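As you go down the protein sequences, you meet chains W and H in turn.
Going by numbering that gives the first Met the number 0, the final residue of the first sequence carries number 412, and the count climbs one at a time with no gaps.
Going by numbering that gives the first Met the number 0, the final residue of the second sequence carries number 487, and the count climbs one at a time with no gaps.
In case anyone wonders, no lab produced these hints; they're calculated from the structure.
Just so you know, these numbers come straight off a predicted model, no measurement behind them.
Mixed in with the good hints there might be a few duds.
Some, not all, of what chain H presents toward chain W, calculated at C-beta under 8 Å [unchecked claim]:
(1) LEU8
(2) THR156
(3) GLU166
(4) TRP168
(5) ARG188
(6) ARG190
(7) THR193
(8) THR424
We put the beta carbon where it would ideally sit given N, CA and C, even for glycine.
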Amino acid sequence: MEGGTMPDTISFDGLRRHLTGTAAAFRSRIDLEPAGGPGDKVFPATYEGGRSADEERVSPETPDRRIPCVLVDSVAAQANRMEEALRDAWERGRFPLPVISVDFAGHDLPKPIRVTSLDAPHRIADAILRDSEIDQVKFRKTPVGKKLDHVDAKHATALFEICPTALVFGMWDSTGPRGGLGAKFQRALVSEIVGWEAVRGKRVSSRIDPLGIQLGAGPLYESKHGGWTADPEQAIVEKKAPKKLGKDGKPSEANHGNVTPTIADGGYTIAFARQTTVISLAALRRLRFPLDGASRSDPEVDDIARTALAALGLLAVTLARAAGFDLRSRCQLHPRDAESWQVLDRPAGDSESFVLDAEGAIALWTQAVDEAKRAGLPFHDEELLLTPSAELIELVRRSQALESQGAADEGES
Amino acid sequence: MIAIAVRYLMERAVASSHADYSEPEWPPHPDRLFQALVAARSALESPEDDARGELEALRWLESQAPPLLYASDAAPRGVVTVYVPVNDLSAPRVRQGAAISRSTLESGLALLPEHRLRQPRHFPASVPQVDTVVFRWDADPPAAVVGALARLLRAVTYLGHSSSPVEAWIDEDPRDPNLLPTEGVARYRLRIPTRGRLESLEARYEAQLRPSPAPAVGYRPVEPTRAPAPGTVFSPFPIVLRLSGPPHPTLTSTLALTTALRGALLASGGAGEIPEWISGHQADGSASTKPHLALTPLANTSHEHADGRVLGLALWIPQEMEIGPDGGGLSRLLLDPTTGDPRRLRLTLGRAGVCELDLDEREVRPVSLREATWTRTARLWGSVTPVALDRHPKQKNSEAEIEKTIADSVERIGLPRPALVVARTVSPHLGVPPSWSFPRIERKSRGCLRHTHAVIAFEDDVRGPILLGAGRYRGYGFFRPIVRSGVE
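The following block holds chain H by itself, in its conformation from the complex (with noise of 0.2 Å):
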């Protein structure tokens, strides 16, 4: 490996792009660096040995792999044209006494330094974030080779044009690439040197002829590595069931769905014991307290026409459970044992009618039926089924309280606290109904559990699926992403 730094001194980069002269250069490319290292061997007239060296390095280097490079964000300095003098004049014959027309005496003045006549020229610049770009080569050269080049980076006097001098040198410790090269359709094309260039320069130079063009590469930026947004303890791969009415319930029906559901798992399970994790309950009846199945209601919401229509059911898995290839005991309950198709269930919602479920496995689907909606990364959340309060306000009315519970009901999923709740009757998301229009879930010891809507912000992004609160497994306290303008 060997890399190249370049430290711009005036801290910004005079060069104009070869494809447009009025727009700057940026990033550097490497064959801008190739020529002024070859300018700089024909300005150190090294003694002979020193000299083949030189040529060595050389054309080791243009026999290499393009480079990676380092170079950071550069922002253009705003292109002005100026007016430099000219200097090809000479003043007009002029007889003594003669008349002279005012043409000529402005041709001649212009000769004075006041009077000179300009010419427009660009001098496009840009900023870079950084001073310092790297190039860099991951085959090993000859010390030799190391030793020629960093002779002749001391001799380079600057990149582009002669007010952005440059310092260069080989960096033993250099920062990590961000710019690589790639196929096909890239963000940067950047001019390499190639085998011959050097030859190829030098010859082009004696015949008093500008440099040809050398061929261009394709560069991409890196992706930053950024570490994965947490997720929460319940898988972001649900099963999705779809929905065919009529009747066509809407989010109030929450209730109602997720216990038809689990009551229709249970009983198409037939003689075999329920897995605790698909039941939520132990052995001797009482609640479990590991996580287990949850389901929630997907509705068509957030969008311009959004009606709150339930447009299927999600069955969402715990993390910690391992699935083996029966699904953890699910398979038996979805699928039908002899043909291995899905089945279809039915949920009887008492007076409501009869709905039909379908394992929806199509590869296009209503957004609201993406699992990708309800799971994808995302700072800000807003719920779609009111969050059912854990425990009870101390203070009537406090929102702080409830605030706080909530965020509570967070971390209990295994997120990280967020940074702001608000609990509002409303949910922020369209066509979704107020909390007040939701049936209260009723607690076995006394009365009913309080729930609230809420808006939660995090930090940073966080993965879904969100549930929160009491009747998370029940499809209370299901999250969506609020989504900004723009962005889907």
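Just chain W, with the same shape it has in the complex (with noise of 0.2 Å):
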């Protein structure tokens, strides 16, 4: 930011008048620096084959430079962030909401887990949520499941309703009544976190037995008491012979033994990091949301529909920087200078901009929903509880005991 006064946060009616505007977006992009300071490692997304994805950008400075960077956090994975944060906060009780949650509470599982739309992976279009019920009618099939199969961008005033967090991060019905033609939902915010001047670095693993066991020691063989023996007579008998542990009986099939060392791609050494955010104003802009089945929207009401969408961007931005940028094992950052947001504006230009922190957002958000709510827009302030389909919670409680037992049986009931 250049010298000059700081820019102001936003009102709600600020933010009313660039969606009504011809802005066609925010931006906001942050410097990162790894945990240990520049130039120190960090690890970025991985992919099939343990690859990173590498790229080449140029830096207005330097236009002739070629500078090797690195994807260290994805689209996808920014918006899995920027949900769990707005989950955090919303269980908290920090601001309304509407979420629909599969609860495994209250059926006599070991660990009883919840799986909401801000954490499923196709969101409210999941099929864990499809499967599951309220007094035991198919989700799809009761009354506010069905006001899924009709949404679409010039009628979206159901998804405002029942899950908002849609129409911001996007969504695909593929698997609805309508199958591959179903509701589909381009992402308002789109987030990735690139490492700049990023140079691959060498990874060692490796294992020192502590045992010092051989790999001459062996064979070993399943123990007909459990676990594993190196005595032949104290062996499961299959096929009329004792039977290896593992493929064939080596020490470090029970994990003793050493490990070759192997020096694997590790990590990256960064520079700094960037994380670029750009909330679509013109994406908003195509929704539309009609008032208890009027074939036609009010403009008025699609602004301050659209609006609060934009805040509820801000909202899961805001929080997601402020609970920090811990993306992985050994990949911590921190910001390097403050967020602010301009206004993209061509052809005009791109000279207004705005600061928002965790407390402004919140604010903003539930202004937003006070609004929304007076213009006449539905919002479904309770958490809509689900229950998980009775062959679900059985697989649960299954696959939680066996995994407590520690050892693959087969069709032991």
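Make one complex out of these two single chains by using the hints.
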């Protein structure tokens, strides 16, 4: 940020002005440093084969130089983190938000779990919600669930009512009654973290066995009494021979013995990382919210709903940032500078900007919810609880029981 | 003229190539922009008048010739296979108390987020050096079309995947295009909208079909216009004479050859007057002060089996000479006045014998006899004959002073001052003898001129021929470009 006056925070009216104006998007960029300081190693997102997504970028200050970069946190991972931050703050009652939960509590499970529309992989369209029930009626057949069958960009009211985050992070109802042609909402919030000046490092992994067990000390066999034994007399007999442990009875199968050191690619050193976040106002402007079954929507109502969604997006980003950038094992980042949002409005220019902290974002969203209700938009304040199907409960119970046993049995009840 | 600018707000474009979904598409195809405009129109739902205007605008756009593009280079993001969670599962039926197989257990648990099955997907992306691309049509649209397009562009959300949001607008002052439509084989093939595209896209959307592929047009990059490389006071169009022996002189015979050639030229002039620029002498017999005809050997050097043999001689004409039909007087020396055929020149090289020179008018010649070998643009040059120093260095063995003298002589033939001069006994070109094996030029006043081989490096390319130093009209100080490996 150049010198001059500090940008102000933004009010609901200010936000609304942008939604009804010509600005294409809000964009915020933060530079981050590895926890250990610049030049420290970070472990970015890895994909199949342990590879990371490399790329080259160019900085306006050095236009002739291609700078090696690496993707540290992807669009999907960033969205998940933001939804998680929303869930955490909502669970502590900091603001209202329509949430649908599948709750496994009260079914005698050793470890009760709860999956919400904020953490299901496909959000409200997820299979786990589809399979769950309200009063023994499958979710999509309930009055609430049925509303999802006919949502689209021009009739988004039902989603605003029961899952507004789907309108911010995107959703594709690919397994509903319309199959692949089901409701598809493009994301209005995109965020990514890229590491700059990335140099790949090497990591050594090995295991030196404190007991010094040699390879030749085997073979080991599966014991009749559970576990392993070196005595073939004590082994389970399979196909008229003592059954070897694992594939060929090597001590490593019982977690003993040395593991040959391998050198795998390990992490990257980066000079800094940059998180770029865009909230597309153009995408929000595509949404319409007819009320009470009307065929057309009221432009004023649309404006308020879109403004509320923008506030929700800002809330998600701000809460996630406030929670810190502890992305994964050995990938912790700290912001270098203060965050601000730029209003992108070409051809005029990108001159306007504003700041927003967690408290401000919560206040903005809360006010937006009030305005929305006042305009007649439906909003489901209460958490909507679904019961998991009987099959799923049984499966989870069995699985948790097996886990604690620590062995993989076949067909024992 | 109307130009549409598109800015990638995340500074990368996530879009798949039509040819291969795992490859990124760059630059963005014009049809992709058109599809985004069509999508924007259906999202806008404008009032009737505006809607009609938008329809007209899209019809206008699709009937135009393919646009010119500005798009910077882009580096691809390393394509990775991402495993995304599937959504088409359901819990299998399980009876209370009944045994469950391992596979049933796994497929049921797969519903839970942490156990969810994943399918591989690719998200190919390109990172352009400049985040904005421009599409430009040279035709002038009616004002209503411009207004409607501006409205549609404001409603465009992304180009490609939804993770590459864009901003699009009418650009009043667009950058110059760097990609032009072209016929025939082209670097890029980009899909473009054509007449009827709007109807086709809408019809297929109604029928719930994917868009049909649009026709593609070739695009080629525009060569960046650069200022021509500076040249010397000598024209890059020499007259090349082929030498047929035996004998086959080597480079050390340069002075003998050029002296003999000049003598032969003057002798063939017969009774008529020889112009100053050819003889190198003024009317009163003193040396000419202006650039005049220079003669150099063209020798077989630089490549792996170079033997340094002289294959021919070149006549270099000063740029400022306006050569008329009589070749500035050169023609009657080189051509037979009666037949007009090239003369055969005989050079007597003392005890070495006589060799003959013919005008080389062949289409295909050895590399060393091609003009381009000596007159191409290059940054690095190495001497083929040693540079005779105009002035004696004050300090004995002062390399710095010698190098400065050479740098001065570079400027004297009209070139920019070189960034670096390195004077050595040995030439960088294979086949060239060391400087001490070349006879020195004798000065009329006293002693001989010192000479040395040299390597010269310029900041930017310059164009030959490069002839330097006191012996430049007689073949000394003649340079050849040092060509980096892999390029000739």
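Outcome of the hint check:
Hint status for H:LEU8: holds, given a least beta-carbon distance of 5 Å to chain W, under 8 Å. The restraint placing H:THR156 at the interface with chain W holds, with a minimum CB-CB distance near 5 Å, inside the 8 Å limit. Because the beta carbon of H:GLU166 sits about 4 Å from the nearest beta carbon in chain W, less than 8 Å, this interface hint is met. Checking H:TRP168 against chain W: minimum C-beta separation of about 5 Å stays under 8 Å; hint holds.
With a cut of 8 Å, the hint placing H:ARG188 at the interface with chain W is violated, because the nearest CB-to-CB distance is about 24 Å. A least Cβ separation of about 22 Å between H:ARG190 and chain W goes past the 8 Å threshold, and the interface hint is therefore violated. A least Cβ separation of about 27 Å between H:THR193 and chain W goes past the 8 Å threshold, and the interface hint is therefore violated. Nearest Cβ of chain W to the Cβ of H:THR424: about 38 Å, over the 8 Å cut. The hint is violated.
Hints 5, 6, 7, 8, counting from the list given before, are not met by this structure.
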